[in-house]
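Model the full structure from these sequences, guided by the hints.
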Amino acid sequence: MSLAQYGFQKLVLLNSAGYSRAELPLDDSVSIIAPNNTGKTSLINALQFLLILDKRHMDFGAHSVENSKRFYFPDNSAYILLEVLLPSGMAVIGCVGKGLSHDYEYFAYQGSLDLDDYRLDDGKLVAQPKLIARLFECGKPAKIYPQADLRALLYGNRQKQRADDPDLTIFPLEFTSQAATYQRILTRTLRLDRLDSKEVKNYLLEIFKHDLQDRNVDFKSEWDKSFADVNYDKSQYDAVFRNQALISAMEDSQQTRQALRGKIILWRPLIEQALNDWEDYNNSTTEQLRLRLRTSDEEAEALENRQKTIYEDRAEAKTVLKGYEKIESHYQELIIQFQFVSGIAQLQNQRQLLQKQRDELMRSIGNAEQQQSLGAINRNIAKITKEKVDLQRQLQSINNNLYLQLQKLLPTDSFEFLTRLLAKSVLSLPIDQAHAIELNDQTALRSFAALLESRLSANRLELPGLLLDLSALEPNLIIKTAQELEIEISDCERQLLELNALLNSVETLSQQKQNQQKLEQQIAELTNDEKNYEELLSLKVSALERSPAIEALKQKLTLLERETSKLAEQKKAILLAQEKHKADQKELLSQHQRINTARQQRLDQQPPFTILEQLPNFACMDATELAMPTLADRIETYNRDCYKLKQIDEQLNQQLAGLHRDGVNKFQAQDTAEQELDALFNYTAQLSQEQEAIERKARSAVVQVAAILRDLRDSLETFKRRMREFNNKINRRQLSDLKVFKIEPREEDTLVRAIQTLISTSEQVESGNSFDLFDQNTVLDDKELNKAKDILIKEGEARGGLRVEHLFRLVFIIAKENQTPAEFEDIDSAASNGTVLMAKLITGLAMLNQMQDSRKAIKTACYLDEAASLDQRNQRNLIEIAEEFGFTLIFASPEPQITARYCVPIGTTKGKNHISRLNWQILESLADVDN
Amino acid sequence: MILDFTALTQLQPLFKLLSSGAHLNRLKDTELWLELENFQSHYESLFAALGFILVVDGRGFAYFKTELASSYTGKLTRRLALLIMLLFEYQADQGLHLFQFQQWRLDTSLLDHLWQQYFALFEAEEINSQKALKDILDSAARVGFLVSDDDVYYLLPAVHRYLDLFEELAQAERSEHIKEDLKEDIL
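Chains as they are written, first to last, in this note's numbering: chain A, 1 to 931; chain B, 1 to 187.
Accuracy of the hints is not assured; some may be wrong.
Calculated pairs, EDC-like style, for lysine to aspartate or glutamate (alpha carbon to alpha carbon, straight line, at most 20 Å) [to be verified]:
id: 1; chain 1: A; residue 1: Lys198; chain 2: B; residue 2: Asp57
id: 2; chain 1: A; residue 1: Lys201; chain 2: B; residue 2: Glu168
id: 3; chain 1: A; residue 1: Lys787; chain 2: B; residue 2: Glu31
id: 4; chain 1: A; residue 1: Lys816; chain 2: B; residue 2: Glu168
id: 5; chain 1: A; residue 1: Lys794; chain 2: B; residue 2: Glu89
id: 6; chain 1: A; residue 1: Lys540; chain 2: A; residue 2: Glu325
In short, the hints are calculated from the structure, not lab data.
Rendered as structure tokens:
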């Protein structure tokens with residue numbers, strides 16, 4: 001073994017840790033031999049003061065650092081010294097106690113370690129205050145270093161060194177920043193405490209830190225940052241999509257509104273002008289209509305007058321015509337009447353003849369008229385006839401009548417009175433069975449008469465209740481004799497004869513008089529005929545004039561009829577005209593009223609109508625002529641339009657507010673509601689493009705997020721690679737009876753898969769492997785993706801960020817021969833004691849080696865207690881492995897381990913341990929000796 | 001060891017979950033898991049003092065190890081063991097890697113296939129319908145072996161317990177064979 005190899009040479013303890021002096025070779029493997037509890041471990045632990053330096057990292061097992069200080073530095077002449085061969089030459093690093101405080105200080109110098117330098121001539125050790133001077137005397141300019149400075153020196157931290165400091169780098173680390181880790185591992189390796197996979201993981205993470213992109217990924221914030229826009233856009237898109245129907249209705253409304261605005265803008269000035277002109281128009285038209293109406297009234301009146309005249313004319317003509325016609329018919333009659341009359345003379349002759357007959361008759365009548373009148377004669381005849389009948393009756397009842405009976409029975413006075421009493425006719429009534437007066441009991445009548453006698457006295461008849469004075473009455477009947485009666489009857493007969501003759505003559509007279517009258521009549525007729533005939537003659541003369549007159553009249557009548565019918569038509573026309581004018585008047589009035597009402601109802605004097613031109617509108621292309629008669633309609637339409645516009649305004653505002661409430665606020669930043677609407681409509685129209693845009697954004701967000709995750713994954717891959725290298729390193733030689741000894745990372749499957757999902761999605765997106773192919777599976781709706789995201793967010797939130805170490809855990813994989821490998825998290829439980837010791841040591845050494853700069857190999861030392869638990873093969877293996885990693889191995893055991901180069905027993909004198917180089921036993925293999 | 005109870009902020013929910021016989025799963029109960037990760041030894045000793053053996057498996061689950069089992073949980077465990085064993089067998093037949101069981105989707109069609117293939121075995125365990133299968137899965141979900149999402153079940157890391165057991169059994173069976181072979185050789 002060449003001495004030229006850089007590294008520890010020896011460790012020396014002077015007056016420290018119960019050693020009066022200890023010299024321990026460190027340039028090759030050592031076996032410290034001592035019974036238990038004789039300070040083997042304290043010897044090794046002394047190295048901590050020199051190599052770990054930082055008290056916080058030191059570990060003395062059951063002893064506290066304070067106690068350890070007391071133990072190692074009992075006074076100011078206690079030394080721990082280490083000789084190291086460095087590329088710059090031999091160097092000594094030392095630690096000296098400062099006295100009662102049990103504090104200590106560091107010093108170092110270049111040169112070899114000579115114990116005489118620390119011993120005074122009297123054999124005593126140099127005290128700390130005099131040390132530097134003493135070393136200087138010995139030609140070794142030592143320097144006191146504060147702990148931190150020495151640490152910088154030993155771990156090669158150039159930045160903290162002064163330029164004039166010697167290069168004392170013992171631990172040439174690849175990254176000096178790993179010094180603390182190195183120290184920790186070194187401590188552990190020196191002590192070989194319980195080692196579990198978690199600690200190994202932490203150390204390895206430290207060791208490989210520089211290979212890993214060690215970012216703490218706040219996945220949620222990264223995701224939210226990347227997706228903030230996307231999510232906002234998506235929410236807008238969803239809200240708009242939900243309300244698509246409403247928005248399209250609103251768009252229609254907006255179209256209508258703009259069209260209405262254009263229309264109103266167009267009509268407004270026209271309506272304004274027309275309203276100004278309306279009064280004039282109304283007045284003038286009213287006047288015109290009134291005039292027209294009057295004119296037609298007048299015309300109607302004239303017509304009426306003319307009609308009347310015509311009626312009169314016609315009546316007159318008709319009358320005249322009738323007269324003529326009457327004359328004419330009379331004339332015709334006369335012609336017929338006098339058809340057979342040759343002349344007037346014939347008629348005159350006839351008349352004269354008749355006059356003669358009449359005159360004669362008149363004479364005879366005159367004679368007859370001297371006689372009694374016919375009536376008187378007839379009366380006389382009737383009177384006499386009656387008288388004759390009377391007489392004849394008297395004659396018939398001359399022997400048996402009441403008178404006679406009464407005369408016979410009654411006293412004379414009474415009879416007389418009675419005759420006076422009884423009417424002649426009564427008294428003259430016959431009495432017999434068959435007649436009215438029946439005398440059936442003469443005795444009774446006599447007694448009655450006697451009674452009556454008593455009543456009748458002095459011309460008085462007293463009947464019960466009746467007093468009749470008879471003196472005033474005269475006796476009524478004197479019964480004539482038969483002769484007398486016959487005579488009188490014959491007188492009557494004679495008189496009757498005379499009177500009949502007279503009656504006859506008187507009767508003839510009336511007949512004659514009738515004849516006379518007849519004659520008179522005939523004469524009068526003839527006179528009349530004469531007159532008629534004369535008339536006929538005159539009519540004959542006038543007939544020639546008459547017929548043209550009749551014609552003329554008829555013509556006139558026809559003309560009049562015609563005019564009448566013409567007039568009727570004219571009248572009708574005028575009537576129509578009048579009605580029309582009236583209707584016009586009415587219409588005008590109603591228009592006027594409507595216009596006034598509409599004028600009151602105009603809305604266009606207030607906003608938004610006053611600023612309508614500034615609002616978006618469609619120019620209206622309607623024909624713009626506004627005739628006055630249509631004004632009413634127009635202004636009403638105009639008002640309706642205004643009203644409608646206002647309604648649409650309100651409706652749109654409400655709908656827009658509704659949309660805002662529903663979350664559509666993307667366009668609220670626009671200056672005006674109109675612009676907002678336009679933007680909204682554009683957006684809605686391009687909804688499918690928007691969806692694509694959101695999808696694109698989402699994809700790029702995924703890509704962005706995935707880039708960060710990719711770092712994590714790459715780190716994980718790197719770590720795994722490093723772990724493979726590491727496993728190679730520790731597996732160069734077989735460890736004990738272990739067939740397999742590996743430390744392997746086990747991925748946290750779900751997390752890694754979630755990361756992988758996101759990354760592969762982003763790769764798919766990036767590689768243009770479009771999602772359109774399976775459209776339903778867009779980035780935003782990708783279930784897998786969302787699940788992966790949720791997992792990562794949850795994990796990240798719980799751990800305060802995602803780091804590579806969250807993605808895996810480490811397991812020891814151990815298998816002996818004939819065994820299937822098993823995974824262990826804690827190596828202590830995995831195998832036998834010795835095997836576990838080896839595994840720990842190798843793991844620790846490999847980790848330390850990993851940190852060292854391989855170009856500047858400086859051999860240091862490591863320590864294995866209870867070395868006897870390993871067999872020699874394993875010991876040799878271990879020594880070689882340690883060698884490879886740059887360590888000399890120090891075995892400690894009660895028995896000497898012959899695999900080591902040096903066997904160093906610990907001796908004891910006067911209660912103090914000591915190791916002298918004189919006790920060193922150097923073992924060499926026979927092969928080496930042969931060489 | 002002196003325990004600082006104020007540091008063990010999740011003690012109550014942890015104990016509640018674990019003492020109910022359920023499994024804590026790394027992904028399902030991230031916060032509790034993290035707490036266990038940070039204070040594992042504290043919890044272990046605390047629960048041990050209370051008479052519970054806390055087992056934290058690095059594969060992502062933790063539970064109280066108990067020898068006691070009620071007749072119900074025994075029945076459930078048995079049925080679930082059967083179901084999971086058959087599931088693993090079935091999936092292995094499909095050429096799937098068993099250790100990736102967390103990625104399997106246990107959907108209706110998969111359960112249908114399982115049922116069709118093994119209904120005789122299921123019926124022997126008085127699992128008489130697909131509905132009963134689902135009931136078992138739901139019960140298992142309550143104790144942290146599965147998680148149900150949209151009517152699809154996913155196995156959780158705690159299923160490793162069953163898988164370990166199956167492996168152990170298989171191993172034992174193998175070594176029996178070897179022993180028998182050896183015996184034969186000797187004879």
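query: Holds or violated: Lys201 (chain A) with Glu168 (chain B), Cα cutoff 20 Å?
result: violated, 28 Å
- prompt: Holds or violated: Lys540 (chain A) with Glu325 (chain A), Cα cutoff 20 Å?
  reply: holds, 14 Å
query: Going straight from one Cα to the other, do Lys794 (chain A) and Glu89 (chain B) come out at no more than 20 Å?
result: violated, 33 Å
- prompt: Is Lys198 (chain A) within 20 Å of Asp57 (chain B), Cα to Cα?
  reply: holds, 13 Å
field: 20 Å limit on alpha-carbon distance, applied to hinted pair Lys787 (chain A) and Glu31 (chain B)
entry: Answer holds: Lys787 (chain A) to Glu31 (chain B) is near 18 Å, not above 20 Å.
message: Tell me if the straight-line CA distance from Lys816 (chain A) to Glu168 (chain B) falls inside 20 Å.
response: At roughly 18 Å apart (the allowed maximum being 20 Å), Glu168 (chain B) and Lys816 (chain A) satisfy the hint.
In this structure, the hints that do not hold are numbers 2, 5, in rising order.
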